[in-house]
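Trainee: One-letter residues, chain by chain:
Number of protein chains: 2
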Amino acid sequence: MKSFVAFALEGFPLVQAGDDIAMLIVETAGKEGFEIEDGDVIVIAQKVFSKAESRVVRLEEVVASKRAFELAEKTAKDPRFIELVLRETRRILKVSRDILLVEDRRGLVCINAGIDKSNIEGKDCYALLPENPDVSAEKCRVRIGELTGKSVGVVMCDTYSRPFRRGQVNFAIGVAGVGLFRDYRGREDLFGQVLRVKNVAVVDEFAAAAELLMGQAAEARPVIVLRGLRDVVIRYSRQGVDELRISNEEDLFKDVL
Amino acid sequence: MKSFVAFALEGFPLVQAGDDIAMLIVETAGKEGFEIEDGDVIVIAQKVFSKAESRVVRLEEVVASKRAFELAEKTAKDPRFIELVLRETRRILKVSRDILLVEDRRGLVCINAGIDKSNIEGKDCYALLPENPDVSAEKCRVRIGELTGKSVGVVMCDTYSRPFRRGQVNFAIGVAGVGLFRDYRGREDLFGQVLRVKNVAVVDEFAAAAELLMGQAAEARPVIVLRGLRDVVIRYSRQGVDELRISNEEDLFKDVL
Numbered sequence: 011m012k013s014f015v016a017f018a019l020e021g022f023p024l025v026q027a028g029d030d031i032a033m034l035i036v037e038t039a040g041k042e043g044f045e046i047e048d049g050d051v052i053v054i055a056q057k058v059f060s061k062a063e064s065r066v067v068r069l070e071e072v073v074a075s076k077r078a079f080e081l082a083e084k085t086a087k088d089p090r091f092i093e094l095v096l097r098e099t100r101r102i103l104k105v106s107r108d109i110l111l112v113e114d115r116r117g118l119v120c121i122n123a124g125i126d127k128s129n130i131e132g133k134d135c136y137a138l139l140p141e142n143p144d145v146s147a148e149k150c151r152v153r154i155g156e157l158t159g160k161s162v163g164v165v166m167c168d169t170y171s172r173p174f175r176r177g178q179v180n181f182a183i184g185v186a187g188v189g190l191f192r193d194y195r196g197r198e199d200l201f202g203q204v205l206r207v208k209n210v211a212v213v214d215e216f217a218a219a220a221e222l223l224m225g226q227a228a229e230a231r232p233v234i235v236l237r238g239l240r241d242v243v244i245r246y247s248r249q250g251v252d253e254l255r256i257s258n259e260e261d262l263f264k265d266v267l
Numbered sequence: 011m012k013s014f015v016a017f018a019l020e021g022f023p024l025v026q027a028g029d030d031i032a033m034l035i036v037e038t039a040g041k042e043g044f045e046i047e048d049g050d051v052i053v054i055a056q057k058v059f060s061k062a063e064s065r066v067v068r069l070e071e072v073v074a075s076k077r078a079f080e081l082a083e084k085t086a087k088d089p090r091f092i093e094l095v096l097r098e099t100r101r102i103l104k105v106s107r108d109i110l111l112v113e114d115r116r117g118l119v120c121i122n123a124g125i126d127k128s129n130i131e132g133k134d135c136y137a138l139l140p141e142n143p144d145v146s147a148e149k150c151r152v153r154i155g156e157l158t159g160k161s162v163g164v165v166m167c168d169t170y171s172r173p174f175r176r177g178q179v180n181f182a183i184g185v186a187g188v189g190l191f192r193d194y195r196g197r198e199d200l201f202g203q204v205l206r207v208k209n210v211a212v213v214d215e216f217a218a219a220a221e222l223l224m225g226q227a228a229e230a231r232p233v234i235v236l237r238g239l240r241d242v243v244i245r246y247s248r249q250g251v252d253e254l255r256i257s258n259e260e261d262l263f264k265d266v267l
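Protein chains in written order, with our numbering: chain A, 11 to 267; chain B, 11 to 267.
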């Protein structure tokens with residue numbers, strides 16, 4: 011029977027600025043007697059990268075701009091938090107009491123530019139997304155290859171709210187060594203009919219599957235290994251998460267919300 | 011190490027109107043020497059239910075209404091197809107050349123009311139969503155219990171486009187015996203900070219994980235068993251997919267697209 015397994019690396023340490031994430035993964039796996047294999051897809055929570063890459067900011071070190079003060083009046087947020095969001099933002103989509111919804115510098119549509127403080131030490135500290143999640147993922151992928159001799163895929167993930175449906179799910183926000191899509195367009199179904207639209211964003215499904223073990227509170231399981239998905243994974247792909255971006259014009263949901 | 015496994019039932023037969031899906035699952039598993047276990051979450055493609063429940067319609071049997079003809083002029087669709095969509099629709103959200111985007115009778119925001127013809131036999135035949143996917147899932151869950159003595163969860167899934175991100179992913183559209191969310195609100199993170207927002211829609215993550223093995227073309231693997239998620243699954247839940255619906259007022263993305 012076709013199957014895949016998702017493993018959570020137990021005992022992954024709290025990450026500090028400057029840490030070598032790939033090394034932590036390989037060491038933690040080693041302590042558990044777990045060996046990384048060719049074709050594994052390693053899904054890693056964004057916070058791990060943000061901490062290692064010193065993307066944690068103390069609010070008291072932030073000076074809010076005039077624009078941040080103006081926007082803060084429309085929200086229930088600290089102007090310095092708004093300032094952080096603005097610095098990470100390409101385009102503001104919506105300002106409400108609870109959130110700024112933006113397209114961030116990376117092209118990601120997200121709440122508060124993906125900045126939050128969960129699982130970040132220090133009352134006043136917030137984690138920004140990595141500068142370039144694809145680059146972070148690629149560095150990690152290459153380094154795991156150096157340390158283990160294995161060829162893996164790396165997916166950086168974060169939980170996101172989505173329109174129309176309650177709750178959050180895990181999305182991919184950085185990717186290295188795996189394809190993002192399984193494209194069925196032009197392929198035939200069970201009855202020989204050609205599929206015209208179907209192009210599944212499997213990289214988001216990798217992230218979603220991993221979240222089931224990852225958890226979001228004090229589980230301390232930010233690294234999940236997916237094994238058995240060789241048929242699904244396109245190796246080696248140079249696609250980055252930009253491929254997931256859809257222009258407003260192409261978005262089927264344009265003008266709906 | 012914490013882990014879960016996803017198994018694809020191989021050799022699942024083509025489903026006919028009137029078929030007992032639970033029986034087909036148990037029989038197919040039996041042929042593979044695979045035993046259903048307590049706590050398994052069985053994710054099943056919507057098409058399987060639609061076929062078994064005689065929700066396949068031949069276009070030549072459909073008489074298009076005046077309204078369907080009017081809308082057909084704005085699209086590239088057959089008026090009879092539009093008529094099918096209208097019958098399944100509560101509210102039209104958008105009409106464009108390629109799609110009708112609607113809130114369907116079940117409250118699901120979806121393209122063409124979830125009607126399509128992939129993996130449906132007959133040039134002229136289209137599958138409608140089951141009348142009530144939660145009821146279909148619950149019947150299947152109860153019947154699997156009768157046949158095996160095991161307590162399982164059942165999730166009916168379908169692939170959906172989503173705003174802002176390219177490609178489709180699998181969503182849950184019917185559910186029985188499992189909770190839809192893992193709610194972290196009020197729980198503490200690694201550093202004792204209380205989480206205020208996080209409420210993960212794990213049922214959509216079940217669907218996404220299953221899709222990785224399911225495929226969308228001629229794979230003939232519409233049934234996936236997820237095993238090892240007892241910590242994630244709330245048993246027994248009476249929640250239905252209505253819980254996933256978010257009102258326009260509550261939707262953080264309102265007025266954005």
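By construction, these hints were calculated from the structure, which means they are not laboratory data. Glycine residues also receive a C-beta, built at the ideal position from the N, C-alpha and C atoms. A couple of the hints might just be wrong.
Interface residues of chain B toward chain A, partial, derived using beta-carbon atoms under 7 angstroms [to be verified]:
id	residue
1	Phe17
2	Lys104
3	Tyr170
4	Pro173
5	Leu205
6	Val242
7	Asp252
Trainee: Taking the earlier hints as the rules, which of them does this structure contradict?
Mentor: Numbers 3, 7, in rising order.
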